[in-house]
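Colleague: Taking the hints into account, I'd like the entire structure generated from these sequences.
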Amino acid sequence: MVLAFFLRLLATLLHVALTFALAPLVMGVVTTLRAWALGRRGPPVIQPYRDLYKMLRKATLVPDTATELFSAWPVACALSIAVAAMLVPGFCTGLLTAPLSDFITIMGLLALARAATMLGGLETGFGFGGAGAWREALYGVFAEGALLVVLLCFGLLAHGVTVDGIAVAFDTQHIGISVSLGFALAAMLAVALTETGRIPTDNPSGHLELAMVHEAMLLEYSGRNLLLLNYAAMLRLLLWMSLIGAIFLPFGMARATDILSWPGGLLLWLLKLAAMAVVLPLYEVSSAKMRVFRVPEFLGVAMLLGMLAGIFLFVAARIGA
Amino acid sequence: MHLHLDALSLLFLGILLPQVVAGAMAGMRDSVTFWVFVLGMGLALAAADAFTLVFGFELMSAASWLLVLRGDQKPATLYVGVAIFSAACLVPAVFLPAGPIAFLLIVLGAGAKAGLAPLHFWLPRAHPAPPAGVSALMSGGMVKVALYVIIRYAFVVLAPAAQPWWGGVLVVAGAASVLIGALRAMLETELKTMLACSTVEHVGLIAVGLGIALRAKAMGDGAMAGLGLEAALLCAVAHGLYKPLLFIGAGEVKHSVGTTSLNWLGGLVRGMPKLGLLMLGGAAGMAALPLGPGFAPEFILWHAAIAAAGTGGIIARIGFTALLVVLGLSAALALGAAVRMIGIGFLGRPRTLQAAAAEDARRWPLIGMALLAALCVPVALLPGLVLYALTPVILLLAPQADAPPLTYAPLSLAVLAGLVAVAAGFILHRYGVRGSREVPAWNGGFGKPPPWLPFGDPATQPSATGFAEPIARAIGRGLLAPGGADPAEAFLLTPLTRLHLRCVRVAERLRRATIRQRLAFIFAALVAFLLALGLGEGG
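If you're matching them up, the sequences are chains P and C in order.
For reference, each letter of the first sequence is one residue, going 1 to 321 in our numbering.
For reference, each letter of the second sequence is one residue, going 1001 to 1539 in our numbering.
Since the hints were derived computationally from the structure, they do not count as laboratory data.
No experiment lies behind these values; they were computed from the predicted model shown.
Do not take every clue at face value.
Simulated pairs of lysine-lysine, BS3-like, Cα-Cα distance not exceeding 30 Å [to be verified]: (1) LYS1074(C) <-> LYS54(P); (2) LYS1254(C) <-> LYS1274(C); (3) LYS1074(C) <-> LYS1254(C); (4) LYS58(P) <-> LYS1448(C).
Modeller: As structure tokens, then:
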């Protein structure tokens, strides 16, 4: 009993340490691979660490039109993303945070981070931040609807909606390859691309303020505030990769109470992350950024796919397939 | 007149009490009508027989009509019309035998008072009209009394005749209210109107929870009935705390700035820091953000909806899938509305001189708001404890209810956040550069504003209308009537008004008839009557 608890604690600490340490690396790999795919040399993969360190040593500037709460929003954003990242299982299931890892809690924490970023964008009262905030609000409406209906599909298949429970159920039960899960995956990928601010909804390396979404809200931030916001963006990318990995690729996940399964689980987790970090830039260079008002259609399709996934499950249950 | 208190009445009286105190502190202490209003609500909640219930309910309606009338003439007429309609449904309903007709009349009558779609159109007009203390009590308390009537009749009085489709009626009406309320809250620029629209949304959420519970109770599913009731009652408790807070805050904004239009506010946190922080807390509740008071009910409701989608026929299942989409959309819309309220109204640069010169709220309203905010803290951080306190009520309403334990633990999340904060604070403090420097905003490289515009050009700032415009374009066009009007108003109220006008014209023509026309009319009626009589006799 005590040993099991100790092992779970150790696994949790390892998970948290790895998640927080690897987040910039994943972002660096994605950026570099994207540059390669475009035929450029690209920065070294450890560039995000250097950038974060640079921001740590820079002075923090506060615009004179901002209110007292200017520095509170990056903290709120980073904290909620960090807590969410601690809840999503990475290399193993059964972490100490597993009972908390309800999918709806994670959605709430992501929404909290989004709200904090939007308020940060509106904080100084200049046009670009506001434009970023309204775009984020627009995307969020559709993304949240799509995500909730996809969750229904998981809940029906796994009889529970904690991420940990879904991962265990999908790993051990014989779910097989179902049409519903395929639709759910497509819907979830669309939401993930939107939430992490990647092409086709937003361009993380864009330089034109008018076309930015996520970056536009950060324009006025500098120094440690920018560090927190950028680090939160990196964590968010890793979080979504872990989430998709845990739900759709749960094979080979270790169990926290079984220390011998850890190395295999760690290796597979890193492989899954690497695979996703390769696929993401390849997808990004092969598609173009959408017009702002096309994005609701893109996410509307995701929502429809989520609904179809649920309906297929109902029909399958009815005909006993 | 008999009074009787049971767990349900006590719960709703408990929801009412802090709002009454806060409303009285917000400047309504000396108004007799206000206290009559409170008395009516208390009577309706404590009633032991149908007569007392209807008497209290109508006393509440009449007193609140006087209060609305004092604020604004125009919505008062609409308000009293809806109140009469609601009375016309309620009075026969409470004396009818238990059955579907009684239930439908109760839902129509009390639902009209609670602001359930499609009879919600009066609420965003009437609730903002009276002074803030009354608006707070109307939005936080009066709609709860109407919901109490629905709960009392659907779950207790009419329980022997209950059928699963009764729950379906509540779910459909609730889902429509949720969507329309959230969308309109996102689009309205007037602060108090926006809050009233958000009330429509929350009433819808409560109705969805009640509907799921009622359906599950009739189907004999104890776990889901428990979940639905937990969601509905916890939402009622939380909404009864943060919505009055926001309304009183809006009243203080009006007092200090002279307007509540978001397009004329901005940067209020600078002049009104205490009010700004309290409003931020209320907005977190309204947007159902985690660690806020509004998240736990939404969490349970989503669980209940997911559980409900696994039961019943295939049409019901598809309906619940659509309900989930509606709930997700509305949650994000509510978030957008709350962010817009805080971001446009309280952050950023002032848009007018009055907003720049705003001073902090008066002492007593601020104390009332602080009281409500303090009560929000246990709801936000210890929802499990509040649910434990609600157990007798839930067992009273559905004896077989047996909800699974709550898996949302805000305290643990707060501890995790605290640990991260300590670690991050240590790193930033130890290795980072401390302090910060105030500079002109970067603003994408545009220059400093000229000295004669101390806060820059207000026109370069995003406005509340502009912030909501993309959502109006993407969703509003499909869901709202042309011109952005409320669909219930355009498709229900306007045709009714037109019908009324036509009837009035006919009546007027009859009244103005000459003596010859009247004689002809009477003669024709006589002939028709005799003809009918003759044919009837002959047949």
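Colleague: Determine for every hint whether it applies to the structure shown.
Modeller: Going through the hints against the structure:
1. LYS1074(C) <-> LYS54(P): Cα-Cα ~61 Å, so violated.
2. LYS1254(C) <-> LYS1274(C): holds, 16 Å
3. LYS1074(C) <-> LYS1254(C): holds, 20 Å
4. LYS58(P) <-> LYS1448(C): Cα-Cα ~23 Å, so holds.
Of the numbered hints listed earlier, the single one contradicted by the structure is hint 1.
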